Amino acid sequence: AQKVTQAQTEISVVEKEDVTLDCVYETRDTTYYLFWYKQPPSGELVFLIRRNSFDEQNEISGRYSWNFQKSTSSFNFTITASQVVDSAVYFCALSEESYNTDKLIFGTGTRLQVFP
Amino acid sequence: DSGVTQTPKHLITATGQRVTLRCSPRSGDLSVYWYQQSLDQGLQFLIQYYNGEERAKGNILERFSAQQFPDLHSELNLSSLELGDSALYFCASSVELAPSYEQYFGPGTRLTVT
Numbered sequence: 001a002q003k004v005t006q007a008q009t010e011i012s013v014v015e016k017e018d019v020t021l022d023c024v025y026e027t028r029d030t031t032y033y034l035f036w037y038k039q040p041p042s043g044e045l046v047f048l049i050r051r052n053s054f055d056e057q058n059e060i061s062g063r064y065s066w067n068f069q070k071s072t073s074s075f076n077f078t079i080t081a082s083q084v085v086d087s088a089v090y091f092c093a094l095s096e097e098s099y100n101t102d103k104l105i106f107g108t109g110t111r112l113q114v115f116p
Numbered sequence: 001d002s003g004v005t006q007t008p009k010h011l012i013t014a015t016g017q018r019v020t021l022r023c024s025p026r027s028g029d030l031s032v033y034w035y036q037q038s039l040d041q042g043l044q045f046l047i048q049y050y051n052g053e054e055r056a057k058g059n060i061l062e063r064f065s066a067q068q069f070p071d072l073h074s075e076l077n078l079s080s081l082e083l084g085d086s087a088l089y090f091c092a093s094s095v096e097l098a099p100s101y102e103q104y105f106g107p108g109t110r111l112t113v114t
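Protein chains in written order, with the working numbering: chain A, 1 to 116; chain B, 1 to 114.
Mixed in with the good hints there might be a few duds.
[To be verified] Once the Cα atoms are required to be at most 20 angstroms apart in a straight line, the calculated DMTMM-like pairs of lysine to aspartate or glutamate come out as: (1) A/3 with B/1; (2) B/57 with A/96; (3) A/38 with B/71; (4) B/57 with A/97.
[Claimed, not checked] Computed spacing ranges between beta-carbons, pair by pair: (5) A/42 with B/71: 26 to 34 angstroms; (6) B/53 with A/69: 15 to 23 angstroms; (7) A/17 with B/17: 27 to 35 angstroms; (8) A/10 with B/3: 39 to 47 angstroms; (9) A/60 with B/95: 19 to 27 angstroms; (10) B/17 with A/63: 19 to 27 angstroms; (11) A/13 with B/69: 42 to 50 angstroms; (12) A/17 with B/28: 39 to 47 angstroms; (13) A/47 with B/110: 32 to 40 angstroms.
It is worth saying that the hints were derived from the structure and are not from the lab.
Note that the structure is a prediction, hence the values are computed from the model and not measured.
Note that the Cβ used here is the ideal one computed from N, Cα and C, for glycine as well.
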């Protein structure tokens, strides 16, 4: 079964703290893609990253970094030196190649609140 | 701005009514997706079109239907509305039919059924 689990419903941190958002996925496919999206209070969904199942290299983009570990079926997202503007709901999502559709299967999201 | 447009931004209607949500994909994108975001169900895939043809269906109710027109814009029709249909409806588009291409989301249409 395809499933994405984000066990952390809500996280609160103070500005400049580092924070890690967890994502665990389930799939029977060998080829799949993992995504992170950000949903700020304004409501739109903003694409952050896509990672395919054959690329386990960690990725860093500014204060954002992602750790993909197939052995634990996890794709965690770390924000370093968090800022108030990082306050949003963050969604992890999965897309599989074998089902003739690239629909996204989303986790339930983690609400991050960064306080000044 | 993702380049995906959705109209209207807000919609308030009564139970039993019918509404149409409209989506214009990014220029050049052939694939259009509809997702529903509700407090109960989270973000769920509804339906996908590729170059005018239905490609996949998710948890879409029979009261809901969609289509993609020759100019690639898409409409989602919701009929016999119920209170539980109140949600944020997103349209997304992608260049091709493959997960190796990211989906860009529109701003959403917030539907309130009273």
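Status of each hint after checking the structure:
Taken as a hint, the residue 3 of chain A and residue 1 of chain B pair is broken in the structure, with Cα atoms around 29 angstroms apart against an allowance of 20 angstroms. About 15 angstroms separates the Cα atoms of residue 57 of chain B and residue 96 of chain A, which keeps this hinted pair within 20 angstroms; it holds. Straight-line distance between C-alpha atoms of residue 38 of chain A and residue 71 of chain B comes to about 29 angstroms, which puts the hinted pair past the 20 angstroms bound. At roughly 16 angstroms between alpha-carbon atoms, residue 57 of chain B and residue 97 of chain A fall within 20 angstroms of each other, so this suggested pair holds.
Distance hint check for residue 42 of chain A and residue 71 of chain B: the Cβ-Cβ separation is about 28 angstroms, which falls inside the suggested range of 26 to 34 angstroms. Hint check: residue 53 of chain B to residue 69 of chain A, Cβ distance near 38 angstroms, so the stated range 15 to 23 angstroms is violated. Under the hint 27 to 35 angstroms, the C-beta atoms of residue 17 of chain A and residue 17 of chain B, about 47 angstroms apart, miss the expected range. The hint said 39 to 47 angstroms for the Cβ distance between residue 10 of chain A and residue 3 of chain B, and at roughly 31 angstroms that hint is violated.
Taking 19 to 27 angstroms as the suggested C-beta distance range, the pair residue 60 of chain A and residue 95 of chain B conforms, at roughly 26 angstroms. A beta carbon spacing of about 46 angstroms between residue 17 of chain B and residue 63 of chain A contradicts the range 19 to 27 angstroms that was offered as a hint. Distance hint check for residue 13 of chain A and residue 69 of chain B: the Cβ-Cβ separation is about 46 angstroms, which falls inside the suggested range of 42 to 50 angstroms. For residue 17 of chain A and residue 28 of chain B, the hinted distance range of 39 to 47 angstroms is satisfied, since their beta carbons lie about 41 angstroms from each other.
Taking 32 to 40 angstroms as the suggested C-beta distance range, the pair residue 47 of chain A and residue 110 of chain B does not conform, at roughly 21 angstroms.
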